[in-house]
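Let the sequences and hints guide you as you build the complete structure.
Now for the letters of each chain:
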Amino acid sequence: MAVDLDRCTGCEACVTACHAENNIPTVGDTQAARGRALHWMRVERYWEGEFPDVRLKFRPVMCQQCDAAPCEPVCPTYAAHHTDEGLNAQVYNRCIGTRYCANACPYNVRFFNFFNPSWDKPLHLQLNPDVSVREVGVMEKCTFCVQRIKAAEVQAKAEDRSLKDGELKPACAQACPATALVFGDLNDPESEVSRLSRSPRGTKLLDDQGTQPKVTYLQRQSSE
Amino acid sequence: MDRREFLKASAITGASATLAGCGHPEHQLIRFIPEEELVPGVATWKPSICPLCPAGCGLLVRVMEGDAEVVRNGQIGLIKMGLAKKLEGNPAHPISQGKLCVRGQAAIQITYHPDRLRHPLKRTGPRGAGAFQEVTWDQAIDELASKVGALAEANNQGALAFWMRPSRGQRRELVAQFLHRFGAPPPFSFELFGEDVLRRANALSFGREQLPTFDLARTRYVISFGADFLGTWNSPVSQNIGYGLMRQGRPGQRAKLVQLEPRMSQTGANADEWLPIRPGTEGVLALGLAHVILNGRMRSADAAGRAGTLVDGWMNGLPDFTLPHVETLTGIAAARVERIARELAESAPAVAIIGGAPLAQTNGLFHALAVNALNALVGSVETPGGVFFTPIPNASSKPDAAGERERRRQSAAPTLDKLAAGILSAERPPIQILLLDEANPVFAAPPAWRVKDALQKIPFIASFGNFLDETSILADLILPDHSFLESWVDDVPEAGTTMAVASVAPPVMKALHQTRAMPDVLLDVARRLPRLNPPLPWQTFEQMLRASFEALPARAAPQTTPGVQPAVDVWSKAQEQGGWWAETPAGTRPPPNVATRDPGRPVSFVAARFDGETNEYPFHFLPYASQAFLDGSLAHLPWLQELPDVVTTAMWSSWAEINPKTAERLQIAQGNVVEIASRHGSLRAPVLLSPGIAPDVIAMPVGQGHEHYTRYATGRGANPISLLAPIVEEETGALAWAATRVRVSRVVGADLQLILFAGALRERPHEHEGR
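Residue numbers (this note's numbering), protein chains in the order written: chain A, 38 to 261; chain B, 78 to 848.
To be clear, the hints were calculated from the coordinates, so they are not data collected in a lab.
The beta carbon of each residue, even a glycine, is placed where N, CA and C say it ideally should be.
Do not rely on the hints blindly, as some may be mistaken.
Said to hold, decoys possible - Each computed DSS-like pair below joins lysine-lysine, with the alpha-carbon atoms no more than 25 Å apart:
| # | chain 1 | residue 1 | chain 2 | residue 2 |
| --- | --- | --- | --- | --- |
| 1 | B | K199 | B | K224 |
| 2 | A | K158 | B | K587 |
| 3 | A | K187 | A | K201 |
| 4 | A | K94 | B | K738 |
| 5 | B | K157 | A | K158 |
Said to hold, decoys possible - Taking beta-carbon pairs under 10 Å as the criterion, some of the chain A residues facing chain B (in silico):
| # | residue |
| --- | --- |
| 6 | C55 |
| 7 | G86 |
| 8 | F88 |
| 9 | K158 |
Put into structure tokens, the structure is as follows:
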């Protein structure tokens, strides 16, 4: 994925889109105050300078799907593992809730279920049947909407063709009005996401940690 | 529902179906037959329209089969039905273009909200106590029809009032026609963040009484006076789409954004240059820019046409707006004003935007007219990269253009403060029956208008809303509407596109509860009124929509070959794609939609008035539309409650934003509770130190502080509207919600918590500085 920070306006459409797509529960005010709100996708904001010469910068942060992911080797049950396609997958049924992965992750994008999720009826009718609901004691994280990827792959296979660039989008990229989030196949040098990742504005988040993240952030420009 | 519950429920319903089925098997069976077109596990996508704000984004709704627990004829049963699962933007729709905002994504929670009203209710306890009993639809409609009929018997038709949220589609037209034929005044709307001032200004300057559309994708320079156009203002989704393109849509060309506002909004955060201007002087800066452009002979005064002549001194080069004078009034350095003026003149196409707080000052109309004149001067009206006005399709469902008549009368309609005062002062209230459709003026009006007291005096109130809120809890009778996903919806967007658009969509799913669509209930009531003259010609709202869409030209089909007019079924096509839209032929401008009125004399700057003396109330109070809740009407949705506000990362609560230097002077720290008091009220909230706010301004998001609004919003936080002075924009009478002054004092021992997302993920305090 590529994130163009010059396009991102901090509108947070990606945040609710992610909740809607991935059956992420709300935890309520008391738990949220304890830092237990689950947001696979968040928009970080950074203040720079002092009034009146003050700047505010936004950065959407989701799982960076690292190639050298620190969360994977620490998992005693192989719940956090690398797929053939290069995703950091989380197998909920294997997870025993040691939270080692959350400690190891420098991006704070792994979330722990302190409780069984609940939806006040009939809010549960909105749940996406393609995504499993996580139970208490299980770690969860951004999957790049793996259910959408799989569905598109199955569809393409049924039609006996390969996936087209831009054919499938995770919920966040689908919602993003300013098209700041671009998803695609990094192995295809012709894809839009590959083109953006080669941009001179491109940077990786906490690159010095050696995690080899697969999300490229294109820095915001200035017209001054 | 877990597996065990599911099995239990299916066993119970199966058994009851078998037992009850003995009597009338055919009735019972029908309830359990699944919808045929649904294949389990396969999603279908159906068009709809987002109802949350006036932007009117087109939706695609993902519908899949699911098991819903429903009550039918007093029996609970589990029924397989198509259920909406996710909302996305409709790629074919000219406004949303496949995208959707943070609020639109959460709109689905309205339909499945646990505190939705599920059946008609009649009040049993005292008014406002919230004690209701269930009644049948026949009883409810009978009661409403007999009350309304009694007004007609008494020849007092004018005492029927209908208050609804503003809309421009056939839903409003139906209400208007019903009221007109009955002999009652047209429907009334009051919005905290209403746009009457800007509409009036655009009518005066350009002959277009509507909100503007900005061609951001093709512009090179944007100067915005207080408009949070990327967050909450006007048509946020289409404006965000345009913003993405204006920044990175054209290789090598990146437009500049300058934002003027005393508190950094989400839009301000994206600006290349952010200037904290003194509240109530925005128009002065616009004219200061025009002064530089005129005096530097970069444009001629004639270029602004009519919009220029509305401003006093325009043809003489605006001698009152010299740079030193502008600097004194606005607090923006003269050199900076001059540089921005040059950039603006040299970076064609450029566009100026005004919205939000500047229009909510006592001199709001002046600011809007000044910005309009600036736009006209730099040549950006109805030109690429500039400001446009969406053509409004003539989708009137004849035979009677009540809409046009209504619009004319609406301009003379009383404002909410006058309406409330009229009810309070009269021996016999001029409104005997009030019908409410989701409007919530008790929450949204300043307390000094005494809207709640006025409503208490009205003998009979009926509400169609989906939820109990501060206003509908006063109702005597509640006839709950379907949710937007369960009913026919339509809308005519006012801004956000240069195409003429009329959106329409059929229900995407069956009703979950025993609700009925308001337009159909109104038609039902109308049929029971013998004196409606002439009677409404439609049996259902669907018929009315069909009639109005069939009256539209059929040229929306893109595959039309020149000279050949294919017989396109407009109605079917509109239902299929979610509306009707047509490109305006190139080079034609839509005609003015209002007669250009003469404003009398040209406008000149009069200093904004503020309620409260400066020494006693040293701070400007700025309530702003919250990213999550807008004007508070969305505070009932849990996803939006738990959304970290993007500028502050606060959730589930209210907060007051204060400049860190000011806080230091007052010895207030982040998270301390303060009391904020105006001459009209006071409230308590935790303090959030924000580097992006002027030292003499206190800002609070609107939305929390509901007394009654479902389990998620009731009793949460404080309502900043409760501080507002009853002060109005002087030319239009619109509420000047940014013209109140307040004082702040620390409260020790109060138990109010600031709930922040930032820094809460892991306790590493040294990293939190500056976050």
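For each hint, the structure was consulted:
Restraint check: the Cα-Cα separation between K199(B) and K224(B) comes to about 14 Å, which is no more than 25 Å; the hinted pair holds. With a C-alpha separation of about 17 Å, the suggested pair K158(A) and K587(B) falls inside the 25 Å cut-off, and the hint holds. With a C-alpha separation of about 14 Å, the suggested pair K187(A) and K201(A) falls inside the 25 Å cut-off, and the hint holds. Under the criterion of a C-alpha separation no larger than 25 Å, the hint pairing K94(A) with K738(B) is consistent with the structure, at around 21 Å.
Under the criterion of a C-alpha separation no larger than 25 Å, the hint pairing K157(B) with K158(A) is consistent with the structure, at around 16 Å. Hint status for C55(A) relative to chain B: holds, with the closest Cβ pair at about 9 Å, below 10 Å. Interface hint status for G86(A): upheld, as the beta-carbon distance to the closest one in chain B is roughly 7 Å, under 10 Å. The beta carbon of F88(A) comes within 6 Å of a beta carbon in chain B, closer than 10 Å, and the hint placing it at the interface holds.
Interface restraint check: K158(A) against chain B, minimum CB-CB distance 6 Å, threshold 10 Å, status holds.
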